[in-house]
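For the sequence shown, my numbering begins at 1 and goes up steadily by one.
Everything labelled a hint here was simulated from the structure, so no lab data went into it. Fair warning: this is a prediction, and the values are worked out from it, not measured in the lab. Be aware that one or more of the hints could be misleading.
[What the hints assert, rightly or not] Dumping the calculated BS3-like pairs for lysine-lysine here, alpha-carbon to alpha-carbon at most 27 Å:
no., residue 1, residue 2
1, K42, K86
2, K136, K86
3, K13, K41
4, K41, K87
5, K136, K30
6, K87, K98
7, K54, K92
8, K27, K98
9, K54, K136
10, K103, K30
11, K92, K30
12, K54, K23
13, K41, K92
14, K98, K13
15, K42, K30
16, K86, K54
17, K42, K27
18, K30, K41
19, K37, K92
20, K27, K136
21, K103, K13
[What the hints assert, rightly or not] Across the chosen pairs, the derived CB separations fall in these ranges:
no., residue 1, residue 2, range
22, S39, A109, 21 to 27 Å
23, N35, Q117, 40 to 46 Å
24, T99, N76, 15 to 21 Å
25, E139, Y111, 33 to 39 Å
26, V70, K92, 23 to 29 Å
27, A109, N142, 35 to 41 Å
Where is the CB? At the ideal position from N, CA and C, for every residue including glycine.
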Amino acid sequence: MGRITYNTNEEKKMAYISTDEVKEIRKELKETFPNLKFSVKKDHHSSVNVSIVKGDVDFADIFREENNSVDYAQINPYHTEFYGDKKELFEKIVSIIKTAPAKAVNGQAWYNNSDAQIDYFDTAYYISLSVGRWNKPYERSN
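When you get a sec, could you build the whole thing from the sequences and use the hints?
Below, the structure written as structure tokens:
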């Protein structure tokens, strides 16, 4: 039976996002979508959580009544096609989340070299996107 060897010259990095990179996401979302209010937070230095908390967009079609949630929805950033006419909006938000951090000093754009078949995770940082928050519903403004 063969032995698995690893390239010792390869730099191993853990998922990480800095405060400055999160600030760049927040700044670009605010500039791009003046009609929406976002909550953008770093979580455990490895994730960024972005929530749309207020705006003039009607998200009623994506809230899941069967989950008793009519004011909160987790958005799958890998499958924005599930969200009907909101697809382009979510794609643009995800694009900003992935590219804006590179504008920070020593910032990096998002990448994902993970391989689920061997349980190997190598990503710049993890992304969570939602409309509303579990403890604070989305607020529609007129």
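message = Could you work out which of the previously given hints the structure breaks and list their numbers from low to high?
response = Of the numbered hints given earlier, the structure breaks none, since each of them holds.
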